[in-house]
Amino acid sequence: MKTNLVPWLLAVVAPVVWGSTYFVTQKWLPGADPVWLAAVRVGIPALFMVWLVPVQVWQKFGLRLLLMSLLNITLFSGLLFYSISVLPGGVAATLVATLPLQVILLRLVTGQGAELAHLIAAVGGVVGVGMLLWRADAALSPLGIAAALSAAFVMAAGVLMASRYSSDIKPLQLTAAQISLGGLCLLVFAGLSGHPFPEVTQEGVIAMLWMGPIGMGVAYWAWFRAMAFVPVHKLAFLGLLNPVVAVLGGVIIMGEVLSTGQISGMAIILGCILGAQLVGSRQAGTKSAA
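Per numbering that gives the first Met the number 0, the very first residue in the sequence shown carries number 0; after that it's consecutive.
Treat each hint with caution, since some may be false.
Stated by the list, open to error - Derived pair list, reagent style DMTMM-like, types lysine to aspartate or glutamate, alpha-carbon separation capped at 20 angstroms: (1) K26 with E198; (2) K59 with D167; (3) K26 with E202.
Hints are computed from structural coordinates only; laboratory data are not their basis.
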């Protein structure tokens, strides 16, 4: 029983760490260019992780790893940081929280099926995140909205692809390969963009080290390691912990105060996450045992 809990605990690590991205970026990296922010965040761990991938893995799975890296790392990181830079953090997080819903819709489109309870929980999760975070008083950037929704879409596609085509690649190698390729692509794009490298304070350097080696290396390894054991449609729901952590971080670090509506939204999110894990658990357990 204890052993079965390990993948779920690993699955929780990733969204908890990723949830810190919002308040860490806005507090210690305000105004930083999103292109370079994404490039440096991925590039730092890429320098260390590229050596963890054997040559034969590149030779055998190179194209597959490149496609997964573009979806899970390069496009997702670039779109996420762009949306954070032009939208209020709460709005960006709410739109990115459509990830579980988009995973379910993609499963339906590809003929994999989905339970109605999961669809309801996904919609409820977005509503809960909206209640928790949405505080938009000004006009919203259409490009920012499109970027946030696209970030959720490419991540949904990447998660589904990884769950289907990565069973024969070790989780650490899978993580290292994707981050290495993603970091290279982002650094090249940032260099060609013509944007000047942002000035970063000492606190900003520490923030980048947190979001890079920990937020990318450790968190992504935990995510892909858990994917081997946790059904992908249930794993996606754990991503809803991301905005919950973001808000709690704002309360603890930035002295923000939760309203009654935000507390209600948090309760809805946690209820949807728990409900999504419980729905079909007996059937999944039977298939896993078989």
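Now for the hints, and whether the structure bears them out:
1. K26 with E198: 15 angstroms, holds
2. K59 with D167: 11 angstroms, holds
3. K26 with E202: 10 angstroms, holds
Checked against the numbered hints above, the structure breaks none of them.
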